[in-house]
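K.L.:
Place chain B on chain A using the hints.
Residue-level listing of the chains:
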Amino acid sequence: DTAVSQTPKYLVTQMGNDKSIKCEQNLGHDTMYWYKQDSKKFLKIMFSYNNKELIINETVPNRFSPKSPDKAHLNLHINSLELGDSAVYFCASSQDGTSGTTDTQYFGPGTRLTVL
Amino acid sequence: LAKTTQPISMDSYEGQEVNITCSHNNIATNDYITWYQQFPSQGPRFIIQGYKTKVTNEVASLFIPADRKSSTLSLPRVSLSDTAVYYCLVGDGQAAGNKLTFGGGTRVLVKP
Numbered sequence: 203d204t205a206v207s208q209t210p211k212y213l214v215t216q217m218g219n220d221k222s223i224k225c226e227q228n229l230g231h232d233t234m235y236w237y238k239q240d241s242k243k244f245l246k247i248m249f250s251y252n253n254k255e256l257i258i259n260e261t262v263p264n265r266f267s268p269k270s271p272d273k274a275h276l277n278l279h280i281n282s283l284e285l286g287d288s289a290v291y292f293c294a295s296s297q298d299g300t301s302g303t304t305d306t307q308y309f310g311p312g313t314r315l316t317v318l
Numbered sequence: 021l022a023k024t025t026q027p028i029s030m031d032s033y034e035g036q037e038v039n040i041t042c043s044h045n046n047i048a049t050n051d052y053i054t055w056y057q058q059f060p061s062q063g064p065r066f067i068i069q070g071y072k073t074k075v076t077n078e079v080a081s082l083f084i085p086a087d088r089k090s091s092t093l094s095l096p097r098v099s100l101s102d103t104a105v106y107y108c109l110v111g112d113g114q115a116a117g118n119k120l121t122f123g124g125g126t127r128v129l130v131k132p
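Just so you know, the sequences run in chain order A and B. Per our numbering, the very first residue in the first sequence carries number 203; after that it's consecutive. Per our numbering, the very first residue in the second sequence carries number 21; after that it's consecutive.
Just so you know, these hints were derived from the structure itself, not from any lab. Virtual Cβ for every residue (Gly too), placed ideally from N, Cα, C. Check before you lean on any hint, since a few could be wrong.
Said to hold, decoys possible - Once the Cα atoms are required to be at most 27 Å apart in a straight line, the calculated DSSO-like pairs of lysine-lysine come out as: (1) A:Lys-243 x B:Lys-23; (2) A:Lys-211 x A:Lys-269; (3) A:Lys-269 x A:Lys-254; (4) B:Lys-89 x B:Lys-23; (5) A:Lys-243 x B:Lys-131; (6) B:Lys-23 x A:Lys-238; (7) A:Lys-224 x A:Lys-269; (8) A:Lys-221 x A:Lys-269; (9) A:Lys-242 x B:Lys-72; (10) A:Lys-246 x B:Lys-23; (11) A:Lys-238 x A:Lys-221; (12) A:Lys-242 x B:Lys-23; (13) A:Lys-273 x A:Lys-224; (14) B:Lys-89 x A:Lys-242; (15) A:Lys-238 x A:Lys-211; (16) B:Lys-23 x B:Lys-72; (17) A:Lys-273 x A:Lys-246; (18) A:Lys-242 x A:Lys-273; (19) A:Lys-242 x B:Lys-131; (20) A:Lys-211 x A:Lys-243; (21) B:Lys-89 x A:Lys-246.
To be verified - Derived contacts from chain B toward chain A, CB cut-off under 7 Å, selection only: (22) Gly-63; (23) Pro-64; (24) Phe-66; (25) Phe-122.
Excised from the complex, chain B in its bound form:
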């Protein structure tokens, strides 16, 4: 399983853009990159998933360079409610049961 490395924490202010970069040097050909968000006392929630280039949805954008050894989650104009832990995961697409390996995550604190 590909291991991921991401910053432990990041601080930001309301209205700013937050970019979290995740490193996954051993990503396999069939692996997808997925980001989850976890608020305190809640279960993780899917944010976005991509394989290559750029993916955008109503919540975030995901940038993946050609070598796919890293990815960057971009949260536009964050608000206080975006304070959470963000997990970068690389899914082993060949494994039955879709075994996801969660790392330590990045704790994002949005300040007023």
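Next up, chain A with everything else stripped away, as it sits in the complex:
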């Protein structure tokens, strides 16, 4: 069974469109994350949710809006897509994420978004 899954795996779209990426984890974790990995392979955190509550909101355009319907799902909706949004987006989850220790994050396979 896949622990952290994302759909779609590839997404090609035109500038100005609105798109969503979905993420699900079956590990029973309390915290989920969205990361963006650019062409230089730098991985940057965007958002984090703990039990459906937003706890990390990095400086990203407000065109990006995460939604967590329950603690097993964290979706990412992107409005008015721009060329610079092209990247690989990774979802991750961890057991707690709010304690004073660094717990392991489990990553999904990634969604490669290409904006034309």
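P.N.:
Leaving out everything else, chain B in the frame of chain A:
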């Protein structure tokens, strides 16, 4: 957040030991050191984590000197399948949400 510095790339041969050193001069008292591995077209995968001295698991060993300003990931007897990017991270243990900051990573190429 403590910043990390690691070599951009390293080449090795099958059967050799690979050691990747990461520098984190501004590590805080509560910070843990964590290493992740990323294969092409996959998400990062946890390898090992430590706070001080030495940690060993079935995949790797992590050596951390007393001052904790650096750490070395050791991969014993690498194979071709160990070709990947290895990230050194220093976790801010005080921050809610366990915000990990990934650097550029070290691209390890294992040759036959």
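K.L.:
Compare the structure with each hint and give your call.
P.N.:
Against the structure, the hints:
1. A:Lys-243 x B:Lys-23: Holds: A:Lys-243 and B:Lys-23 sit about 17 Å apart, inside 27 Å.
2. A:Lys-211 x A:Lys-269: 19 Å, holds
3. A:Lys-269 x A:Lys-254: Status holds; Cα separation ~8 Å.
4. B:Lys-89 x B:Lys-23: 11 Å, holds
5. A:Lys-243 x B:Lys-131: 22 Å, holds
6. B:Lys-23 x A:Lys-238: At roughly 18 Å apart (the allowed maximum being 27 Å), A:Lys-238 and B:Lys-23 satisfy the hint.
7. A:Lys-224 x A:Lys-269: 10 Å, holds
8. A:Lys-221 x A:Lys-269: Satisfied, since the Cα-Cα distance of roughly 13 Å is no more than 27 Å.
9. A:Lys-242 x B:Lys-72: 31 Å, violated
10. A:Lys-246 x B:Lys-23: 13 Å, holds
11. A:Lys-238 x A:Lys-221: Judged against 27 Å, a Cα distance of about 15 Å means the pair holds.
12. A:Lys-242 x B:Lys-23: 18 Å, holds
13. A:Lys-273 x A:Lys-224: Answer holds: A:Lys-273 to A:Lys-224 is near 13 Å, not above 27 Å.
14. B:Lys-89 x A:Lys-242: 26 Å, holds
15. A:Lys-238 x A:Lys-211: 14 Å, holds
16. B:Lys-23 x B:Lys-72: Since the Cα atoms of B:Lys-23 and B:Lys-72 sit roughly 18 Å apart, the hinted pair holds (cutoff 27 Å).
17. A:Lys-273 x A:Lys-246: 22 Å, holds
18. A:Lys-242 x A:Lys-273: 31 Å, violated
19. A:Lys-242 x B:Lys-131: 23 Å, holds
20. A:Lys-211 x A:Lys-243: 17 Å, holds
21. B:Lys-89 x A:Lys-246: With Cα atoms ~23 Å apart, B:Lys-89 and A:Lys-246 stay inside 27 Å; holds.
22. Gly-63: 3 Å, holds
23. Pro-64: 5 Å, holds
24. Phe-66: 5 Å, holds
25. Phe-122: 4 Å, holds
Hint compliance for this structure: hints 9, 18 are broken, all remaining hints hold.
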